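Chemist: Here the protein sequences come in this chain order: A and B.
So the first sequence is residues 1 to 521, counted in our numbering.
So the second sequence is residues 522 to 826, counted in our numbering.
Misleading hints may appear alongside valid ones.
In silico BS3-like pairs for lysine-lysine, Cα to Cα no more than 27 angstroms straight-line [what the hints assert, rightly or not]:
hint, chain 1, residue 1, chain 2, residue 2
1, A, 443, B, 669
2, A, 91, A, 325
3, A, 151, A, 172
4, A, 443, B, 735
5, A, 135, A, 269
6, A, 325, A, 172
7, B, 604, A, 325
8, B, 553, B, 604
9, A, 135, A, 172
10, A, 151, A, 269
11, A, 326, B, 604
12, B, 528, B, 567
Source of the hints: derived by calculation from the structure; they are not laboratory data.
It should be emphasised that the depicted structure is a prediction, and the values quoted were computed from it without experimental measurement.
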Amino acid sequence: MPRNNTIILMLILAIFIFALWTVLPLNAERFGRKGLHLGLDLVGGVYLVYQADFAENATEESQRTNTINMAVITIQKRIDKYGVTEPVIQKMGEDRIMVQLPGFTDIDAAKRLVEQTGFLEFREVELNATEQPVKLSDYLGQEHLQFIDTKEMGDRFFVVDVAGARGEITSKTVAILKPDESGLTFISASGNATSNATLTEYGDATSWIASRGNDGTQLTGEFLSDAQPQVDTSQVVPQYVVGIKWNDKGTIYFNEIAARLYARPENTKQRALGIFLDDNLISYPQILQPQYEGGSAQIEGNFTPEEAQELATLLSSGSLPMPLKKPPLYQEKVSATLGANFIHFSWIAGLTGILLVMAFMIAYYRLPGFLASLALIFYGVLVMAVFKLWPITLSLAGLGGFVVSIGMAVDANVLIFERLKEELRTGRTLGAAVEAGFSRAWKAILDSNVTTIIACVILIWLASSVVASAQVMGFAITLLIGVVISMFTAMIVTRTLLRFVIHTPLAKNTGLFIIYRGKKE
Amino acid sequence: MIDIIGKRNWFFLISGLLVLISIISLATVGLKPGIEFSSGSMLTVKFVEPVDYSDFKQEVANLGYGTAIIQRTGAGDYLIRTKELSTEEKEQIEAGLEAKFGALSEAQFSSVSPQVATETINNAIIAVAVAAVGILLYVTWAFRRMPKPFRYGTCAVIALLHDAIVALGIFSILGAFLDWETNLMFITGILAIIGYSVNNTVVIFDRIRENLMKGISTDFEIVVNSSLVETLSRSMNTSLTTIITVLAILLFVGSTIQNFAVVLLIGIIAGTFDSICVAPGLLVVWDKNEWGKLIPWRKAARAKA
Numbered sequence: 001m002p003r004n005n006t007i008i009l010m011l012i013l014a015i016f017i018f019a020l021w022t023v024l025p026l027n028a029e030r031f032g033r034k035g036l037h038l039g040l041d042l043v044g045g046v047y048l049v050y051q052a053d054f055a056e057n058a059t060e061e062s063q064r065t066n067t068i069n070m071a072v073i074t075i076q077k078r079i080d081k082y083g084v085t086e087p088v089i090q091k092m093g094e095d096r097i098m099v100q101l102p103g104f105t106d107i108d109a110a111k112r113l114v115e116q117t118g119f120l121e122f123r124e125v126e127l128n129a130t131e132q133p134v135k136l137s138d139y140l141g142q143e144h145l146q147f148i149d150t151k152e153m154g155d156r157f158f159v160v161d162v163a164g165a166r167g168e169i170t171s172k173t174v175a176i177l178k179p180d181e182s183g184l185t186f187i188s189a190s191g192n193a194t195s196n197a198t199l200t201e202y203g204d205a206t207s208w209i210a211s212r213g214n215d216g217t218q219l220t221g222e223f224l225s226d227a228q229p230q231v232d233t234s235q236v237v238p239q240y241v242v243g244i245k246w247n248d249k250g251t252i253y254f255n256e257i258a259a260r261l262y263a264r265p266e267n268t269k270q271r272a273l274g275i276f277l278d279d280n281l282i283s284y285p286q287i288l289q290p291q292y293e294g295g296s297a298q299i300e301g302n303f304t305p306e307e308a309q310e311l312a313t314l315l316s317s318g319s320l321p322m323p324l325k326k327p328p329l330y331q332e333k334v335s336a337t338l339g340a341n342f343i344h345f346s347w348i349a350g351l352t353g354i355l356l357v358m359a360f361m362i363a364y365y366r367l368p369g370f371l372a373s374l375a376l377i378f379y380g381v382l383v384m385a386v387f388k389l390w391p392i393t394l395s396l397a398g399l400g401g402f403v404v405s406i407g408m409a410v411d412a413n414v415l416i417f418e419r420l421k422e423e424l425r426t427g428r429t430l431g432a433a434v435e436a437g438f439s440r441a442w443k444a445i446l447d448s449n450v451t452t453i454i455a456c457v458i459l460i461w462l463a464s465s466v467v468a469s470a471q472v473m474g475f476a477i478t479l480l481i482g483v484v485i486s487m488f489t490a491m492i493v494t495r496t497l498l499r500f501v502i503h504t505p506l507a508k509n510t511g512l513f514i515i516y517r518g519k520k521e
Numbered sequence: 522m523i524d525i526i527g528k529r530n531w532f533f534l535i536s537g538l539l540v541l542i543s544i545i546s547l548a549t550v551g552l553k554p555g556i557e558f559s560s561g562s563m564l565t566v567k568f569v570e571p572v573d574y575s576d577f578k579q580e581v582a583n584l585g586y587g588t589a590i591i592q593r594t595g596a597g598d599y600l601i602r603t604k605e606l607s608t609e610e611k612e613q614i615e616a617g618l619e620a621k622f623g624a625l626s627e628a629q630f631s632s633v634s635p636q637v638a639t640e641t642i643n644n645a646i647i648a649v650a651v652a653a654v655g656i657l658l659y660v661t662w663a664f665r666r667m668p669k670p671f672r673y674g675t676c677a678v679i680a681l682l683h684d685a686i687v688a689l690g691i692f693s694i695l696g697a698f699l700d701w702e703t704n705l706m707f708i709t710g711i712l713a714i715i716g717y718s719v720n721n722t723v724v725i726f727d728r729i730r731e732n733l734m735k736g737i738s739t740d741f742e743i744v745v746n747s748s749l750v751e752t753l754s755r756s757m758n759t760s761l762t763t764i765i766t767v768l769a770i771l772l773f774v775g776s777t778i779q780n781f782a783v784v785l786l787i788g789i790i791a792g793t794f795d796s797i798c799v800a801p802g803l804l805v806v807w808d809k810n811e812w813g814k815l816i817p818w819r820k821a822a823r824a825k826a
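Only chain A is shown next, with the shape it has when bound in the complex (with noise of 0.2 angstroms):
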């Protein structure tokens, strides 16, 4: 027995500095793992849920799968241009989307970078039978709603021009004309219905129709093959711009399309391309040739850089399958100063509890109580080891389980000392009742665990059908590591532990165990 105890020792040894090993110094890489992984709560950071908005005909399962799949992957793409270290995009459920973007503070920005559905297309002025625009009011005017452009059958979309926020000449869709069963129905831009005082008041608002190439395909984003943010100084003040390329398909119909607006009067509207994204207007340049070379083209806009950068993002990400409901399902936001406290603050509380909990068994248990306390060292290193090599994504609640898996990995230690306290009564000698005393206490230790094993399932199912569930999940994954190795730590551990100690001269000295002086019954 002490030869192969020695041999387990030995083995204890070696797992405990190979943990110790992993975890110091945490910023240290092991295996891949640098640090401990913290959750958006402790650095900061943005997390958002959306829950996707199909078309009614997307009915198909396998087809919403694969609609959801695409726009994760575009979500994506536009985070990656941004350098956020580490986001978590994720399907959730049928028809949810999750982003994590950690250290990321600017909630806005991100909302606006993830749930623009990023639709470009590129429309043109409708004519009437007489070569002139087309208005709103045309069509109020009509006894019978139908289209003035009667090759064009797709829908119309109304625009104005009004005083943007700094103050420059912005557009604004204020309403879009679309073909249904019943005819012909004009829809807000934001797809609800429109007052007929809107319609009159915005009378002069031009209509602009879809841009198709001689085959009859619209000229849409996915035409495109690259969109960069750029400085113009061709003119007087350099402008910040967008320039994008065409693919091979999207060059051929750019050029039909520049080619019959270019036979359009000189300096109109109806020379112009207009650039719609998401059913706004961005910007309606002059078509200046019949004809571009190697398919490039620039989109202005008054952009600031940032404007310019955001859009680029979009476009050469492409647009999303589907548009995502508005506002999110739900959302937060933590700044990373109050992460940083957090942290700061769990780690002396981690601390202070494994100290007071070493001190109250070595005062209590004397001899045992120590090697309990070493155990637990070695129970908080090999969990440190686990979080940092899984890697488990510690929020606070998830260090706050740590911290009460510490109180209640001493658990299966009192029950051993307990119980070789009643067996030193009963006249056993020391060697004898440690090993009497692990094996009564094993059934005790077992049972009442599975119990703690139980909530921990059930909490980690809740974390994963409800939405704001980081914090549950967090929790519930810590104190089941924390359970299962603590159970470990106090079985092999402690008794290898103790049976060292009792072939020591230590284990002569009985006011080390104070259990010999305990009361009889």
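Please build the complex by placing chain B on the supplied structure of chain A, with the hints as guidance.
Modeler: Leaving out everything else, chain B in the frame of chain A:
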């Protein structure tokens, strides 16, 4: 040997009073749901300059949010709770406050839609129910070799429900005074208590099982009481170490997980009490079929006789 079981009716009385107070508090004061359960938005802003509470409240009302709940969390730190805000509405509030009180930074913002709130409530209820049933089944199974294992499961579940109700009740009283809200972490705390409470009960039951097998006495009451006394220092010590760590969290970390730590603390204390004083006592009552004597006036009559 200390006679705990002999005084079981006193303990039942204490326990019953606690439950009664808790239920009354829950029924009258109730629990204040956080936005995770009620939906809405919560915005924490920090001003560079200290801002007066009444001025702040007035300005928020001027901006059209007269029904918003406002809490002061520091000299220039305020928490505003409103219905669910859109991005534009939030920007409008911040711009308005900035115009009035000077530069501000947004420390925290969270917003929960009604749909998510409903889901969260439903799933939290399911989780607590499943936990109770799961534990009933487990304890029944663990004591399957005993005569009437179902009794052990039932007593363990009564004890855990008792804990959960007392924790909810005390939290509702604290909530009324300290303006505390319940959130998902609170439910997590309740579930953790459920696990912990049963943990204690099971250790005692385990000893009862062992002593019954040993046949230390033919009187079930004596068996239960000696099992209790034998495991008493274990029960106390384990609770103490856990309380130490929960206190450490409460003192050093506080803030966001404060409510969670308080729920744990109440639950651990209540759980220790009832796993020692209530659950084993119930087993004895059940064994002796003394249910009728639990009714006070009959107990009094018996005491005289």
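Chemist: Decide, hint by hint, whether the structure agrees.
Modeler: Verification of the hints:
1. 443(A) x 669(B): 20 angstroms, holds
2. 91(A) x 325(A): 15 angstroms, holds
3. 151(A) x 172(A): 26 angstroms, holds
4. 443(A) x 735(B): Holds: residue 443(A) and residue 735(B) sit about 16 angstroms apart, inside 27 angstroms.
5. 135(A) x 269(A): 12 angstroms, holds
6. 325(A) x 172(A): Cα-Cα ~21 angstroms, so holds.
7. 604(B) x 325(A): 18 angstroms, holds
8. 553(B) x 604(B): At roughly 15 angstroms apart (the allowed maximum being 27 angstroms), residue 604(B) and residue 553(B) satisfy the hint.
9. 135(A) x 172(A): This hinted pair holds, its Cα atoms lying about 14 angstroms apart.
10. 151(A) x 269(A): At roughly 20 angstroms apart (the allowed maximum being 27 angstroms), residue 269(A) and residue 151(A) satisfy the hint.
11. 326(A) x 604(B): 15 angstroms, holds
12. 528(B) x 567(B): Outside the cut-off at roughly 56 angstroms; violated.
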